Each structure stands twice: as C-alpha cells, then as structure tokens.
Amino acid sequence: MAEADTTSGYESGRADFARRILVLASITISISTSVLSLMLVFALGQPQAMVLNVLIASLAYLAVPLLFRLGFKLELVRDVFFALSFVTIFLMSLSPDEGVAFGFVSYLPIFICIAGMLYQRSGIIILALLSVGLVGGIAIVDLMRLPVERVMDSPGSVATVAVRHGMAVVFSAVLVIVAMSLFEDMLGRLRAARDHARRTSESKTSFLANVSHEVRTPLNAILGMAEILQQTELDPDQRRKVETISESGSTLLEMLNDILDISRLEADRMPISPSRQDASDLLAGVEGLWSPIAEDKGLQFLIDFDPDIPEAIEIDPQRFRQCMNNLLSNAIKFTPEGHVRVAMRWDDRAGQPTRLVVDVQDTGIGMSSDAASRVFDPFNQADDTIMGSYGGSGLGLSITRQLARMMGGDLVFKSVQNEGTLFTLTLGVKALEPEAPRAPAPAPVANGLRVLVVDDIPTNLMVAASYMRALGAQVDEAMSGDQALELMRNQAFDLVLLDMHMPDTNGLWVLEKVQNLRRKVPPIVMITAGATEAEMERARALGARDVLMKPLTPRVLESLLRSYAA
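In UniProt numbering, the protein residues as written are 1 to 566.
Hints are computed from structural coordinates only; laboratory data are not their basis.
These numbers come from a predicted model, not from an experiment.
No false leads were mixed into what you were given.
Taking lysine-lysine and the DSS-like style, the derived pairs with C-alpha atoms no more than 25 Å apart in a straight line are: (1) Lys241 x Lys297; (2) Lys333 x Lys414; (3) Lys414 x Lys297; (4) Lys333 x Lys297; (5) Lys333 x Lys241.
Now the in silico label distances, taken between C-beta atoms and shown as ranges: (6) Arg276 x Asp79: 48 to 58 Å; (7) His339 x Phe17: 54 to 64 Å; (8) Arg562 x Ser369: 42 to 52 Å; (9) Ile125 x Asp410: 48 to 58 Å; (10) Val23 x His196: 32 to 42 Å; (11) Leu76 x Glu214: 52 to 62 Å.
Where is the CB? At the ideal position from N, CA and C, for every residue including glycine.
Generate the whole structure from the sequences, applying the supplied hints.
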C-alpha cells in the first residue's frame, strides 16, 4: 500500500510538473512572438500581412492554459501544443522571406527538449521523425520555389541547410533520450534506496517494539516488587538497597521510553492530541512531582505563575508533561546546589499566535560553548565525564525540542559554565473561554470495587493484584484469556485489567469474545509492555477504555480506580 501511495504521489507530481511546463512554454512563446511581430513592423518595416500571421500564431498558444482551465486532460492539451507548434512552423516557413534556412525551423530542437519532459521515449522518437519530415517538406517547397528570387539560390544550399536542421533535430532527440535513461536509472536507484530505508525503518520499529515488550515485562516485576517491599518493615540498610533497585529500574525505564520516543518522532508517529486543560493544574502537577525530588537533593524548587495566563487553554497535557519532565530531570540532575526555578507566562503579542512560555532555570554546572553547540544532538552528552557521572541517554532535550516544534513552538537555551542554564520552552496554544462553575463532586472511593486482573506472567499478575488490593479493591486473578472469559461470564466486575499479549488467547481476542457475554460488559483497560499504534487503535475500536504501558505504578492505578469508582 505504501508503494502504491508513493507511486501515485510521484505520478501526480509529474503530471503537475508537465502542466506547469506547458503553460509556461505557451505563455513564453506567445509573449516573445508578439514582441517580435511589433519589432518587425515598427523597427524593420516588414509587411503587416506577414507580421499579422505571426501575431495570430502567437495568440493561438494562449489556448493551452485555457484548455487546462476548462478541465481538459493533460494528454490532449500536450498533443494540441505540439500539433499547433508544427503547423505554425510549417505555415510560417512558406512565406516568401522564410523557408528552411530561417525563422521558426530553428525552434524544432527546442520543442524536442520540451517533449522530453512530457513524453516517454516512443513519443520523443515520433516527434523527432515528424520534425525531420517537416524539415524535409519545407526544403522541398524551397526547391520548388528556387526560380523565385530567394536568399538561397541553389539546390545545394537548400539541401545543406535542411540536413543541418535535420541533424540538429536528431541530435536533440538522442540527447533527450540519453538524459531520460540516466534520469530513470537514477530514479530507480533512489527508489531502491528508499525501499531499503523503509524496510530498515520498519525492522527497527519492530525490533524496538519487541525490545520494549521484553524489557518492560521483567521491569514491571522489578519495580513492582521494589514498591511493595518499600511498604513493609525494613531496616535502614535493607531500605537503602530497595531504593537503589527502584531508582535503577526507573532510570532504565526512562532510557527505554526515550529511545522509543525518538524512534516514533523519526517515523512521524508521535501523535499530538490537544484538549481543554487548566494551566494552573498543569503547573501544580509538575510541582507536585518534582518539588519533593528537588528537596530530597537539598535544592529549592521555585514556581512563578503569570496571572495573565488564561484559566483554560487547549494543549496536549501528555506531551506538555513529557517536555517538562525532560527539562526538570536535567535541571535537577545537573544542579548540585542552589535552586531550580519554573516560570510560566503568557505571550499574546499582536499579530502573533498565542503561546505558553515556560522558563526552566537552574544554578547547576552549565555548559561550555562546545557542549552547547551539540546539546540537541540525539544521544549526546557534554563529555565522557558527564556521561559517567550523571548517566542518561542524551535524548531528552532532542525529544523535547521536536515535541515543542510539533506543537507550534520551540526550545531555546542560554548557559554559562559553572553558573547555570536557562531553557525557554514555547508552545503554541489557544485560550479557551472558562467553563461555568460546577458544584464540587464528592471524591470517589476505591473501596469495594471488584477488579479482574489478567496476565500470563505470575510476577506481573502478583504486582498488579497487590497494588489493587493495597488501594482497597477486591481482586480476582486470571492467567489466560479463556480463564478471564469464564470469570466474566459468571461474575460481575467493575473493572478489568487485561494484558494485551498472552501466548494462546491474547487480549484482543478476549475483547472480541467478551461482546457476546449475556451480562453487561465491564470497562476493560488493556495493559501492555510494547503494543504498536495499530494494536492500540484496534483495542480501542474493540471497546477498550484505555491502554496502559507497563510497568504499572501505584499512582497510575489509583487514578484509574478512582475514575471508575461508582
């Protein structure tokens, strides 16, 4: 399908190019010959009758763009253009002062070159033969008129000039055909390279999806077990070791997410989904996540919120948080002491799109001018010392700038080594009218929710079920699609967490079969360690309420339980 789309796009572009060439050539010939007609009359004193014929022929070329305007097909208009050209050359050459030696006959090689942009090889050969025949016909007419006083006064002169014109036509045709062959060979090589690059990209995407699944599955168990252990009674040494496991697992997850994101961005598969959001809530969420992390490191975490920012804006909250998380992760990581400041302001200058501007400023190690020149290069770190001391994939800033540009903004920075760095994130957003105030809804309670957790890997099943029980839900477990269907057939559930990839009966199969249950189908949320965009779309089309990526966290599951609480 992709090949067909590309070929169709190429042919469409070629046809559009051909139309432009025909229109441009017709207008150019019409204007140039009209100017020539006026010069012949007023500067050289040529007879007006002969000049009138030239002027009529020049105006006839304006029929070409008119035919396009009337909706005629390219092939017809193209043939009309060349037929008009040949007829014009022949008729003009019959005038007493023309013939094979002068005037329009010399235009034939030019028309052959134009034909190379509009015809295939066979068409060019036919036009070349017609051109040679036209030269021969005009030469015969000249020979028949030799008794009349003419510039060329002998059959030898006529034959010599005719042969020269014929050779020029043949040479032009050969040159065009050779050029076409070289172009087609180059185009074939480009197509082969494009196909190879596409296959390589698809293989890379498939490989990364498989790696994501294979890494996230054990990582889900590692982080989950570490989280569960942290809730138990531990001595200081044990707690430190568990925290090390959790931090190392989180770092691995962050690097995995960055690699997958840069792959999606390169393939233009990163969706941007703006929705109505409260700007102050977005900033509060950022503060709630990063302020404790900064304080644990002994840093001040400062927030400035511009009161001119509209209450409601249209923005993709997930991509906004991703940008902020990348910037603040770097700011805190590279700031040994001092503070990290986040300032959000509104830019609504006249004549410019409205923008949300966020400054992230730190008092960290800063960057040298050499490091600053490479800061947005993927997989880049300032130097080997920073790579060894601070770690990371070197993808965060590259991803953030690409996301910012996809959202109609940009990411710029200023940095002074050993003094700190200021990153300025701008995002194109729309201000929305504030909603009418609503009566506060009672906080949902997770207690009493009946939840079914389905996963074929025992450790993942145990982690998710433990999280749910800790949040107050009643949990049933299943390790296969068949078992899950049997439980849903006989019991009522408020929510189902369903693993998408299971060896025999996977989650998508369960989604299809569950529609046939006689009882009400519960809300189903898919969980996956590496689904493709197509799989996610199919899951939603089959009725899945959402798709969550592993590893699951207590915060994500708590939010999920509250949203589905009665």
